[in-house]
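Visitor: Protein sequence lines correspond, in order, to chains A and B.
Each residue of the first sequence is one higher than the one before, counting from 1035 in the working numbering.
Each residue of the second sequence is one higher than the one before, counting from 122 in the working numbering.
Just so you know, these hints were derived from the structure itself, not from any lab.
All the pointers check out, no bait thrown in.
What the simulated footprint calls covered on chain A by chain B, stretch by stretch (three residues with Cβ under 8 Å from a Cβ of chain B suffice, anywhere in the stretch; the number is not a length):
no.	region
1	1064-1077
2	1122-1135
3	1138-1146
Glycine included, C-beta positions come from ideal geometry on N, C-alpha and C.
Residue-level listing of the chains:
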Amino acid sequence: NAGVTQTPKFRILKIGQSMTLQCTQDMNHNYMYWYRQDPGMGLKLIYYSVGAGITDKGEVPNGYNVSRSTTEDFPLRLELAAPSQTSVYFCASSYSGVGELFFGEGSRLTVL
Amino acid sequence: AQSVTQLDSQVPVFEEAPVELRCNYSSSVSVYLFWYVQYPNQGLQLLLKYLSGSTLVKGINGFEAEFNKSQTSFHLRKPSVHISDTAEYFCAVSVDGGSNYQLIWGAGTKLIIKP
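Working from the sequences, and respecting the hints, build out all of it.
Guide: Structure below.
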């Protein structure tokens, strides 16, 4: 049972480059989330989705975009990478908006 | 605005000693409460949750937490820790955001087990 799968696990970007973090879940969950984790700051919500075709901004959406064309996939796009986007990114999914979140293993991104 | 405060950024404790990790939240409405654990270089996983009913909640790996509505707290406890409990622990609160429940996260507490 794969759960939530994120790729890549590590990536180094130059300032101004773009990239997409991939996230796939096989639990048929409607809700999916992208968080960033910075030391001592907990988790900050970037974007979330309550179902295919529906996305909404979280607490820190600037510099990011998402799409949700299928229930399984929820990619996060970084346009024009900046050093402030250096972070660990986590994708998560849940069956309902109140229930348990299932997390991927994270993607560590460094922007130089 | 709702917030979650984890009062200690790090808690060092000797192996086999008891531990309490503190969590306080600010909310005037009904909430759902969670503790998640993050082992080194891994994602987060659910330790326990309070949705309703008994205020004492038991979770995995021998952890438990008590919901105290009057003190707006949800402290995590374990009577005897093991070296394998070394991890970062996050408290989270789910509040009704109108169109969707919003999960508010604490900054995390690193549990350091001393042999």
